[in-house]
Every structure is written in C-alpha cells, then in structure tokens.
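Protein chains in written order, with my numbering: chain V, 199 to 440; chain G, 199 to 440.
No lab work stands behind these hints, which were simulated from the structure alone. Careful, some of the hints might be misleading.
As the list claims (entries may be wrong) - Quick list of simulated restraints, FRET-style, between CB atoms:
| id | chain 1 | residue 1 | chain 2 | residue 2 | range |
| --- | --- | --- | --- | --- | --- |
| 1 | V | Ala333 | G | Leu328 | 39 to 49 Å |
| 2 | G | Ala216 | V | Ala333 | 15 to 25 Å |
| 3 | G | Arg391 | V | Tyr425 | 40 to 50 Å |
| 4 | V | Gly284 | G | Ala236 | 42 to 52 Å |
| 5 | G | Val222 | V | Leu434 | 34 to 44 Å |
| 6 | G | Ile227 | V | Ala436 | 19 to 29 Å |
| 7 | G | Ala211 | V | Glu237 | 17 to 27 Å |
| 8 | V | Ser339 | G | Asp219 | 30 to 40 Å |
| 9 | G | Glu240 | V | Arg431 | 42 to 52 Å |
| 10 | V | Leu397 | G | Lys215 | 30 to 40 Å |
Glycine included, every Cβ here is placed at the ideal spot set by N, Cα and C.
2 protein chains.
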Amino acid sequence: MKKSDPEHTDLSAQIAKAIRDAIVRGDLIVDERLPSEAELAEQFEVSRPTVREALKRLAAQSLIRTQRGATGGAFVNRLTFEDAYGQQITTSTLLLSMNAVSFATACEARYALERACAPLSSERREADHLATMRAEIHRQSQPGLSDEAFCASDVAFHRALVDAADNPVLSYQLAGAVEAMQPLMNMITFTARSREEILRLHTAIADAVEAQDAGACDRALSELERYTIELARNVLAARAAS
Amino acid sequence: MKKSDPEHTDLSAQIAKAIRDAIVRGDLIVDERLPSEAELAEQFEVSRPTVREALKRLAAQSLIRTQRGATGGAFVNRLTFEDAYGQQITTSTLLLSMNAVSFATACEARYALERACAPLSSERREADHLATMRAEIHRQSQPGLSDEAFCASDVAFHRALVDAADNPVLSYQLAGAVEAMQPLMNMITFTARSREEILRLHTAIADAVEAQDAGACDRALSELERYTIELARNVLAARAAS
DNA sequence: GACTTTTAATTGTCTGACAAATGAAAAAAT
DNA sequence: ATTTTTTCATTTGTCAGACAATTAAAAGTC
Numbered sequence: 199m200k201k202s203d204p205e206h207t208d209l210s211a212q213i214a215k216a217i218r219d220a221i222v223r224g225d226l227i228v229d230e231r232l233p234s235e236a237e238l239a240e241q242f243e244v245s246r247p248t249v250r251e252a253l254k255r256l257a258a259q260s261l262i263r264t265q266r267g268a269t270g271g272a273f274v275n276r277l278t279f280e281d282a283y284g285q286q287i288t289t290s291t292l293l294l295s296m297n298a299v300s301f302a303t304a305c306e307a308r309y310a311l312e313r314a315c316a317p318l319s320s321e322r323r324e325a326d327h328l329a330t331m332r333a334e335i336h337r338q339s340q341p342g343l344s345d346e347a348f349c350a351s352d353v354a355f356h357r358a359l360v361d362a363a364d365n366p367v368l369s370y371q372l373a374g375a376v377e378a379m380q381p382l383m384n385m386i387t388f389t390a391r392s393r394e395e396i397l398r399l400h401t402a403i404a405d406a407v408e409a410q411d412a413g414a415c416d417r418a419l420s421e422l423e424r425y426t427i428e429l430a431r432n433v434l435a436a437r438a439a440s
Numbered sequence: 199m200k201k202s203d204p205e206h207t208d209l210s211a212q213i214a215k216a217i218r219d220a221i222v223r224g225d226l227i228v229d230e231r232l233p234s235e236a237e238l239a240e241q242f243e244v245s246r247p248t249v250r251e252a253l254k255r256l257a258a259q260s261l262i263r264t265q266r267g268a269t270g271g272a273f274v275n276r277l278t279f280e281d282a283y284g285q286q287i288t289t290s291t292l293l294l295s296m297n298a299v300s301f302a303t304a305c306e307a308r309y310a311l312e313r314a315c316a317p318l319s320s321e322r323r324e325a326d327h328l329a330t331m332r333a334e335i336h337r338q339s340q341p342g343l344s345d346e347a348f349c350a351s352d353v354a355f356h357r358a359l360v361d362a363a364d365n366p367v368l369s370y371q372l373a374g375a376v377e378a379m380q381p382l383m384n385m386i387t388f389t390a391r392s393r394e395e396i397l398r399l400h401t402a403i404a405d406a407v408e409a410q411d412a413g414a415c416d417r418a419l420s421e422l423e424r425y426t427i428e429l430a431r432n433v434l435a436a437r438a439a440s
C-alpha cells in the first residue's frame, strides 16, 4: 500500500518534479534562467548537491541546459525535434528489447504507422525525398553490402518516405517506430534472394510515391510487411531447428 | 566547431552514457545490480557525488531504480509500457508547446496515426472496448459537462479506439499523439452545437467499429479531423478579431 | 577608443561526514 | 531445536564546506 507514497520519494525527485511541473505549466518559459543552485538550495531548504541531482534529472530529459560562468546557470531548454527523436528512439528500443515484444507485433505497428504516412507522402513528396529513396535503393543493390549496412540503408529509405509527408510531428512519432525496429531487423540475415525481393518492393514504393499513387504505395507497404514477417519467421524457425 | 566535443561534457553525463550504452547493448540485463556508488566511483575514478549525478540521470529515464539498505543498490529497471507512456506524453506535450506547431499540423498527425489503427481496431475490438466507447459517448452527451471534462472524455474515447487494435506498441506510440493534443484541444470552447456534431461522429465511429466496417471508421475519422480543424480555425479567428 | 587585467558569479568536482533503511548474522529466549 | 530479538555491516540519501574551471562584465591601462 505504501508503494507510491508521494512524499516518500527522494528530495531530488520531488524538486525535479516541482520544476518540471513549472515548465509544463508555463510558469518557466523557454530560455528563462532558473535561480542559481545556491538560491534553489535555499528556496527548497536542501543542500546544493541535492539541488544538483534534481537538475541533472531534468537535464537528462533535455528540459534544461546549463552553462558555466558569470552569466551562466540553468536555462529552460527548447525541446527540439532532434532531441525528442533521440529520446524516442532509445525509449522505444529498450521497450521492445525488455518486454519480449514479438517481431510480428512490432512489425505490425511499424507498418500500420508507415501506411498512415503514405497518402500524405504521395501527395507532398519533393524531388529531394525521391532522390534519397532512389539513392538508398541503389545502395541496397550493391552486392558487397553487409547486413548491418543494408539495414541502415533500409532505415534511411523509410525515413525519407516518412519525411516526405512534410509533417514534423509525424516524423517524430515514426522515428521511434522505424528506428526501434532496427535491432530486431539486424537479427535477420538477408540472402541475395530476399534482398532482391525487398528491392523490388522498395522500387514499387518509390514509383508509387513518384506517381503520387497512394493506393499503390499502400499495397506495396502491405506486401513488404507480409514479406518481412515471413522472413523473420523463417529465421526463427531455422534457429529453433539447431 | 567545439560544439559537441565528446570529451568536453560533464563527467556525470559521460558516465551516464557509458552505463546507458551498457544497458542498451545488453551487457547489463534487467534486474541486474550495478556496483555500489563507492565502487563505481573507484572504477570511473571520480567522486561519489559525480557518480550519483550520473545515476540520477539514468533514474530520470526510468533506466534504473535504487533501493537503500544492506542488499540495496541500483538495479537495471524493466522499462514498462506504463513508464514509456508517461515519458512519451510529457515529451510530446512539451514538443508541441515549445515549437509553435500549428494546430492543423498536430491534428493531421494525430488523425493519420489514428486512422492507421482503425482497420486493426475494427477487426479485433472486444466487448470492453465497445463498452468504454459507448460509455464515453454517453458522458459527452451530458449537458452540464465542463470543456475540460469533455476533452478528457474525448481522450478516453480515442484511447479505447486505439487499444482495441490490441497492439501494445501501437498504443504506446499513439499515447503521445492523442494525449499531447489535449492542451491544444483545451483551448477550444465546445458549444452545444459543436458537441452535437462531435457526438454524431463518435457514434458513427463506434458503430463502424462494432460492425467491423473499417472503411466507415476511416471516413468518420477523416470527417472528425476536418471538423476539428475547422473548429480550431474559428476559435483562432474569433480570438484575432478581439 | 581599444586593449588588457581583474573580479565576481556560477557551475563542476572533490572530501568527509552522518542519517536512514534494510537484510543478514548473532544472540537470546522459549 | 525453534523462534524471537538484537546487533551489525552495507548501501543509499543528505549535508557542509572547499577548491577548480569558466565566463562575462567591470576596472584599469595605453
């Protein structure tokens, strides 16, 4: 019953929460300077090391940044999409690896989200997105490519597809889904035969996006999902046999 | 050029990164106990407060938990979907509020993702999801409901729709998109007329899911998106006029 | 006025200490 | 022998005080 006693937690956690709430509430705005560590220690009636632990917690979430020197201090950080991508990716990756999420479940989620982008991407794609997709397709056709490099290129291809939707919020959300899959994908060994099939589908996707044919793009993505899950099933079956 | 000197950051940040990498790499597994703070201080050749700051950074990301006492210490934490939801929601909320994301952009992303769930939800919905959706629809029809309570019920309705897809990864991803919108939605004042229209569309969605008609569900969601954006535009126009 | 030096403020790090919690071992009681 | 109580060692939580490193502004110098 005493599991989540609110006042039973660390002082540093309580202080971090108080400051975080102030930021979320808007009491502290972007680039505003927090009181110095010594002042915060006085306000919260704790020692400076305790305040510092609280500030480090917030820094870990990219909520503040610190700067040394006369005019230094802790400042409310503008959370950039870049920062948020990074957090999203580590969180998603750990979530999948620690919770025995099946490959099929993760894959289903990823392609469902990606299909959600397809109509927007088809409508709004610009030349640079198409160029990136074609370039990655070409890279994937090189025979000497390692499995890791193939996966990395695969991620880059799908990132371009998502970014073509020209919606940063969507790109942010998808970053987690696409990149978090990579460790799972890396378990698969891509034979020449399977690369050929993936390449065929990637080309179909790029063609559909270029032709602004959302329906064809959706179908190609669905086929790619089916094929990826089948590949993974074969790998797991082969592994179980040994 | 010296912007992101890797060895120029805080010691505590470096140590946190080293331990985080070890967790992501799998060198430290779930529930494994880290060395004590004193031992870590010796290993990394820093003082105990510095080690503690590093550990607090990791604790802020729910990567470790600590326990006092003889057999206590820091343990690698199993990142639960619950924890990940929470982080996702705060991050997404701050991202939207700090980056001048337009209502239309956020709304487009949210409904694109939600439409991605619709086919799965229609296929797999169970009695309890339908019951929750119907209950929230009923709540939304109560005349005395405040705007905040109406929004909260709206979130609960859409959560049920997403959860009906029976894919925890999808639910996790959507949590951010749906809940982060709430502060933006709270800016809207819902007139009796607009509530009526939303209620109509919610009912259409629930009916479609119950009938397992994914196409109808998709159409209702699209209509709801259009209507929501129109509502927001009117609110902003009225506010600009004053 | 332009340049250099000093100074004050602030974060980063260290040392050493004590309090609080907690399980395990030792001791005592039955 | 078993149960209960006590003691104890370990570990995190918190504090106080100190010094180093950094930085911009103020003061001084030419």
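- Query: What hint numbers does the structure not satisfy?
  - Reply: Numbers 2, 4 and 5 - these are the hints that the structure violates, sorted from lowest upward.
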